[in-house]
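Just need the whole structure built from these sequences, with the hints factored in.
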Amino acid sequence: MTTRIGVVTFPGTLDDQDALRAVRIAGAEPVSLWHRDKDLHQVDAVVLAGGFSYGDYLRAGAISRFSPVMETLIEQAKAGMPVLGICNGFQILTEAHLLPGAMLRNNHLHFICRDQKLRVENAETAWTSDYAPGQEISVPLKNMDGRYTADERTLDELEAEGRVAFRYLDGNPNGSLRDIAGITNAAGNIVGLMPHPEHAVEPLIGTGRTDGLGFFTSIIKKLVNA
Amino acid sequence: MSLDTVKHAAETPDAEQPWKELGLKEDEYARIREILGRRPTGAELAMYSVMWSEHCSYKSSKVHLKQFGEKVPANDAMLVGIGENAGVVDVGQGYAVTFKVESHNHPSYIEPYQGAATGIGGIVRDILAMGARPVAVVDPLRFGAADHPDTKRVLPGVVAGIGGYGNCLGLPNIGGEVVFDACYQGNPLVNAGCIGVMKHEDIHLAQASGPGNKVILYGARTGGDGIGGVSVLASETFESTGPAKRPAVQVGDPFQEKLLIECTLEIFKEKLVAGIQDLGGAGLSCATSELASAGSGGMRVELDTVPLRDSSLSPEEILMSESQERMCAIVEPQHVDRFLEICEKWDVIATVIGEVTDGSQLEIFWHGEQIVDVPPRSVAHDGPVYHRPFARPSWQDALQADDAGKLARPANAAELREQVLRLVASPNQASKAWITDQYDRFVQGNTVLAMPEDAGMVRIDAESNLGVALATDGNGRYAKLDPYTGAQLALAESYRNVAASGAKPLAISDCLNFGSPEDPDVMWQFAEATRGLADGCLELGTPVTGGNVSLYNQTGETAIHPTPVVAVLGVIDDVNRRTPVAFAEEGQLLYLLGDTAAEFGGSAWSEVVHHHLGGLPPKVDLAREKLLAEILISGSRDGMIDAAHDLSDGGLIQAVTESCLRGGKGARLVVPDGLDAFTFLFSESAGRAVVAVPRSEELRFTDMCGARGLPVARIGVVDGEEIELQGEFSIPLSELRTAHEATIPALLA
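As they're listed, the protein sequences go chains C and E.
Per my numbering, residue 1 is the first one in the first sequence, and the count goes up by one each step.
Per my numbering, residue 1001 is the first one in the second sequence, and the count goes up by one each step.
If you are wondering where the hints come from, they were derived from the structure by calculation, not from laboratory data.
Worth double-checking, as some hints may not be accurate.
[Unchecked claim] Distance windows between CB atoms, simulated:
(1) 124(C) - 1310(E): 52 to 62 Å
(2) 41(C) - 1270(E): 17 to 27 Å
(3) 171(C) - 1462(E): 24 to 34 Å
[Claimed, not checked] Over the 12 Å line for every Cβ pair with chain E, so calculated as not near, a few chain C residues:
(4) 15
(5) 42
(6) 159
Ideal placement from N, C-alpha and C gives every residue a C-beta, glycine not left out.
So, in structure tokens, the structure goes:
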């Protein structure tokens, strides 16, 4: 049976088509999910894509977090369903308290779009197992509110438990504490990051690299072997 | 104040009316009275004043723009021509592309963030209204001197506005320009372009036909923003003295626009609309009169049903409001329910505000009382047409006689080296990454090329790899020296940029930015530039699909440089064959294509080193441009070139520097026979490009150039970590990079 991976569209989600394409390129069946629909349509995993859901007008992710689809998703994620939050999706995951911490406005106060080098710090999560530990990858980064923050105790805990999944290399682009680009929950099924792996899955498009494809091949292998 | 109904207007012919304050001239007001056979009501006056403004009616430019329709090259790619919201071009495989560039200059000076943001919003709705999915935006920008304090107010606001709106909308920003010149102080140019893609059968036109069909207004509620923006803002010169008439600039809501796009595309998909129009300048006045006049003519609107943000708005204000993120659709009665259902799905407010009638008048009612009864064509299309006087400026000859050839050239290799570094670090030639990194260029996942490439390129079909490219160019300094040639140079450069990316140029759109049409000098510049552009398009075989004119870009007596910005659209059958600018592999051979002459009039070198503007701009040879483009396209298609960069402002050294920095590789250059080092590096002769050829393709490539008669000279090789000009100087890439990349952040960050 083909692996079914859902991608949620909230009002103002922008990278949903890209995430669906990445799922397809990686070899799974992409399934569009709608924010008003509580039903996850038997998907095996979910991607919360990037964008500006509800315009980020209140606080990035703060409104989407209360949508009908999230009710089911929060419940299922807690039960172990793999969820990847990219950019706005990461912001929604922190707003939903599925991942700790929060994102503040970039320290330079500008939107920033660039190729970003990352180190995969944890290659054992559901979404990173196709990478080697410590592997350096380059994927696009593009956001306004990307500065990861949490209290010292949480940060120490994340470090101690190996839950810092990705760290920025060659310059912290936004002032994120401890250069954190992405994190995972303790179980490793929920991963969130600010950079966009779904934009780095075809050699010709975007950065010209396919470093992001590993996220999607990781989850497919995990689900197939499960 | 009591309601000024049609009946009341007929009974009170002598009532005083604020036509002057609304920007109408006395004879224009008299004309309106003549058309209606009575005085207009307040609401009618509001409609005529905005629709007959320079911005909406093109009253000063129309007689010159006619040429674009008359000098049409034989080209079967055009599906929809000038006059619709945007032109449509056939790009093959059943796809059609629509694209357009518009100005939002005046609002962006007053309120940089919102002015620029709503500029993006407006052009995107124009494209959407043609039935297309918007796929990319570009932004040609002009600001005052880079080190002027006000530039630090205007530029960051404009850039943040373009980013804030465009990024939230989910459209990749793939190109454009940033130019600084003191002439734009007080009159920055904020042009915005958009490309949209659709299947041929999905083309929608702005027309209201079929009596009984419903008029549906959907999108944002109508508020008091931007009222009179069109007539007062865009059509009056900024006076240096006296109290300014500055109505509110519109405020954008990109989230609402994103919903509007998705909602509209879903409505198109189900084929629910008979006609559609976006609401931009002149708001409902424009949409209702244009839709009605393009259809059978009759329309009845109940204006009090329009959803409002501010319940105290008068009917006149509702008609003039330029509130953003609104569209107006004509829908057959049996489709209305489904239409409203889709709007509900996307949380978009939609209201039936009227219907198409079998009459010939546009009739608007306010709580049952008639306040407008006009022939819609008289509002939308029968505005005044001016034959403004124009004459070659008295100073033009002296300017052209002030030849740049007499300027002191670098005396030795050390000076030459120093001037290269000054050139690539100058604000106009420096890297604009600080600006373009504030725009999302990746969203939608189809971006093949984006800034700082020669042209932006997006894939439009993931199966076949069909793609389109767009470049925008304009050089106000060239156009000031000779507007006819300057316009052709803008066309040639944009055309060349598209070809350098590997795409075949198909058609153009333009944004013509000039000073006051009431000044005969400016009108001459405009007449010359339009003539140059029309002649150029005829020769290149690229039709003008539409465009935009922005006049009154001047403060007091001082006009901006005439600045025709030309956008060329190209198509590429397989985006895998695109050509980047980066010199990425050592050993690639560098060839200079075209002829280089000592042409420095209006050049970047003359500006940077001598603060000089005089003489004649580079000569234009459009037959040569065509040949060069064919070579660039064939070379790309057949794998003979790895990289290409067009040569324009800054000359060869600017192009080589950019290509080296982009690829992270150096170059060893030699001056070809017959040229001196200075001319080789800094000349801005048109019709040229530098290409990187893999060694294995050298013969095949030079044979092709030879057989086609294109001059080609081997000028070096990609190698090392510096740019070396044999026998003259060498500069480490790190030094070039610092010079090139530090300028803009130092000035603006």
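Hints, one by one, checked against the model:
As the Cβ distance of residue 124(C) to residue 1310(E) is approximately 57 Å, the hint placing it in 52 to 62 Å holds. Between residue 41(C) and residue 1270(E) the beta carbons are some 22 Å apart, a value that agrees with the proposed interval 17 to 27 Å. Evaluation of the 24 to 34 Å hint for residue 171(C) and residue 1462(E) yields a pass: the beta carbon distance comes to about 33 Å. A Cβ of chain E approaches the Cβ of residue 15(C) within 12 Å, the least distance being about 6 Å, so the stated non-interface status is violated.
Taking the minimum C-beta to C-beta distance to chain E, about 23 Å, the non-interface status of residue 42(C) holds against the 12 Å cut. Against chain E, the non-interface label of residue 159(C) holds: every CB pair exceeds 12 Å, the least being about 30 Å.
Checked against the numbered hints given earlier, the structure breaks only hint 4 and satisfies all the rest.
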